[in-house]
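*Asks:* Put together the whole structure using the sequences plus the hints.
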Amino acid sequence: MIIKIVLSILIIIASTSIGYLYSYKHNQHSRQLKKLYTSFQLLETEMMYSSSSLPYALNKIGMKNKYALKNLFVDTAELLSNKCGYSLEEAWIYSINKNFHKTCLSEKDKEILISFIRNLGYTDKEHQKKFFQSLYLELEQQQKFADDFYQKNGRLYKNLGLLTGLTIVIVFI
Amino acid sequence: MDSSSYFFNKEILEALPLNIREFFIKIPFNECTDIEEIRLRISKPLMIYKKNKDYFINKNGTITTDIGKGYIVSQDDIRKSYQLITNYSVYALEEEIKNGFITLKGGHRVGICGKTILDKDGIKSIQDISGLNIRIAKQKVGISDHLMKYLIHGSDQFYNSLIVSSPQCGKTTLLRDIIRNLSNGMTNLNFKGVKVGVVDERSEICGVCHGIAQNDVGIRTDVLDSCPKADGVMMLLRSMSPQVIATDEIGKKEDANAIEEALNAGVKLITTVHGNDIEDLDKRPYIKPLLAQKIFERIIVLSNDPKVGTIKEIIDGKTNKVIVSYPNKNKGA
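Protein chains in written order, with my numbering: chain U, 219 to 391; chain E, 10 to 342.
Keep in mind that the hints were calculated from the coordinates and are not lab data.
In this text, a Cβ means the ideal position worked out from N, Cα and C, and glycines have one as well.
Do not rely on the hints blindly, as some may be mistaken.
[Stated by the list, open to error] Okay, derived cross-link-like pairs now, BS3-like style, lysine-lysine, Cα gap no bigger than 25 Å in a straight line:
1. Lys301(U) to Lys147(E)
2. Lys68(E) to Lys35(E)
3. Lys348(U) to Lys129(E)
4. Lys284(U) to Lys252(U)
5. Lys347(U) to Lys107(E)
6. Lys326(U) to Lys348(U)
7. Lys301(U) to Lys261(E)
8. Lys107(E) to Lys343(U)
9. Lys328(U) to Lys347(U)
10. Lys114(E) to Lys149(E)
11. Lys316(E) to Lys343(U)
12. Lys328(U) to Lys288(U)
13. Lys348(U) to Lys124(E)
14. Lys343(U) to Lys114(E)
15. Lys347(U) to Lys124(E)
16. Lys147(E) to Lys348(U)
17. Lys301(U) to Lys19(E)
18. Lys158(E) to Lys262(E)
19. Lys343(U) to Lys133(E)
20. Lys316(E) to Lys158(E)
21. Lys301(U) to Lys35(E)
22. Lys348(U) to Lys133(E)
23. Lys114(E) to Lys278(U)
24. Lys301(U) to Lys149(E)
25. Lys133(E) to Lys347(U)
26. Lys347(U) to Lys129(E)
27. Lys262(E) to Lys327(E)
28. Lys124(E) to Lys343(U)
[Stated by the list, open to error] Just a sample of chain E residues kept apart from chain U, beta carbon distances all over 12 Å, derived:
29. Asp43
30. Asn61
31. Phe65
32. Tyr91
33. Phe110
34. Asn142
35. Lys297
36. Glu306
*Replies:* This is the structure we're talking about:
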């Protein structure tokens, strides 16, 4: 009997945790998009007003972030600074392949980031500003989707986890 | 030393995409010492220029004259190379790009061709890059040593000097070395060395990159980089108390006015002008009055016969007499 009770509690805790984790992932998606948005704003400022070189600016922005987002920028900056012959796009894709799975960002976010980097640094300031404006619109839209999704489903995932645990306990134990 | 990487310094190799970089690393050392230019043009063979001739580079790093064997430069090669040259930061080099070139570390210059974008003030930018020309800088230290005795007198006095030559005859190279000697001083001539202010409008004399002169222009030299000559001369006069002002390629009215202003302030001057010989200068409306006033005490005439940098003669600008001439002798290069 005691074993059954302990097992039931463990199942409920595990399934509730899965629900919470799933909900947390969507919460983090929205937060990381906000972080990305702010990072690109800082990058724009570095480029437009300080005229910093792109490897320096990417490294600086990276150091203001944490974990996977940090590495996304810092790894790219490192490859560019070493002047190994990579194009910016190649360095960025290498960094994305290495670090993206550690973030909570979606495949659509990945496409936006890759498409943006194609034009980064390659034109004059006026054009760069336009590219940044276009990126902001896309990130805002992505963030709105992520927020809506979390609002709609965040609580649902948490409850679903708990309820799934309870169901398993009731049916099998 | 069987590899050209010993010849091509880091800055030049780093300006090339990886595949093209490998071709150049394979070129034997003795074959690349005379390379003056590396030319990349979209969908055209990769070319180098040495000893007044074009050559092609093939995938094995062999220099060839057979056009069919040359590696064809792709758009991606140009794009990568442009990114490497600009350090992925075209937006930070707008002013340089407007002038059509970027100076690399080491003083090497990269000429840019593409679609120019205009605004009401003139050229705004260059886009759709179609060709790059990497001009390898080779400072020739000591080429002016033998003629300094004609340009200086006393322990710190210098004659106002004008270098006259056609393009590609080495006048900027000679000017740079004269600046170095003036600035450092010459113990063998008991010349102490003077403060030299350089107005380097096209970054050719000093090859300034990120604020640092890449060529040796001496220890007492102050450089105003990318500054219009007329404005630069006035700025130096006001702020740096130079004893000699050096500038390249005068020709405009405002240049002539600035020169007169500098001379009135008691500063000596060395500059260059385009022309085959001294008679050519009579056709230049703003140079002719300067010669008539006998402002230039020494006029050095250069030619590229038998080779670039040959000094034809040095003329006393006051008397128009030839002080020294070098018939068919290659003293300059």
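*Asks:* All the hints need checking, so say for each whether the structure fits it.
*Replies:* Going down the list of hints, with the structure as the test:
no. : hint                   : verdict
1   : Lys301(U) to Lys147(E) : holds, 23 Å
2   : Lys68(E) to Lys35(E)   : holds, 9 Å
3   : Lys348(U) to Lys129(E) : holds, 21 Å
4   : Lys284(U) to Lys252(U) : holds, 13 Å
5   : Lys347(U) to Lys107(E) : holds, 19 Å
6   : Lys326(U) to Lys348(U) : holds, 21 Å
7   : Lys301(U) to Lys261(E) : violated, 41 Å
8   : Lys107(E) to Lys343(U) : holds, 13 Å
9   : Lys328(U) to Lys347(U) : holds, 21 Å
10  : Lys114(E) to Lys149(E) : holds, 17 Å
11  : Lys316(E) to Lys343(U) : violated, 44 Å
12  : Lys328(U) to Lys288(U) : holds, 15 Å
13  : Lys348(U) to Lys124(E) : holds, 20 Å
14  : Lys343(U) to Lys114(E) : holds, 23 Å
15  : Lys347(U) to Lys124(E) : holds, 20 Å
16  : Lys147(E) to Lys348(U) : violated, 41 Å
17  : Lys301(U) to Lys19(E)  : holds, 10 Å
18  : Lys158(E) to Lys262(E) : violated, 31 Å
19  : Lys343(U) to Lys133(E) : holds, 11 Å
20  : Lys316(E) to Lys158(E) : holds, 23 Å
21  : Lys301(U) to Lys35(E)  : holds, 19 Å
22  : Lys348(U) to Lys133(E) : holds, 17 Å
23  : Lys114(E) to Lys278(U) : holds, 23 Å
24  : Lys301(U) to Lys149(E) : violated, 28 Å
25  : Lys133(E) to Lys347(U) : holds, 16 Å
26  : Lys347(U) to Lys129(E) : holds, 20 Å
27  : Lys262(E) to Lys327(E) : holds, 22 Å
28  : Lys124(E) to Lys343(U) : holds, 17 Å
29  : Asp43                  : holds, 25 Å
30  : Asn61                  : holds, 31 Å
31  : Phe65                  : holds, 21 Å
32  : Tyr91                  : violated, 8 Å
33  : Phe110                 : holds, 16 Å
34  : Asn142                 : holds, 19 Å
35  : Lys297                 : holds, 41 Å
36  : Glu306                 : holds, 43 Å
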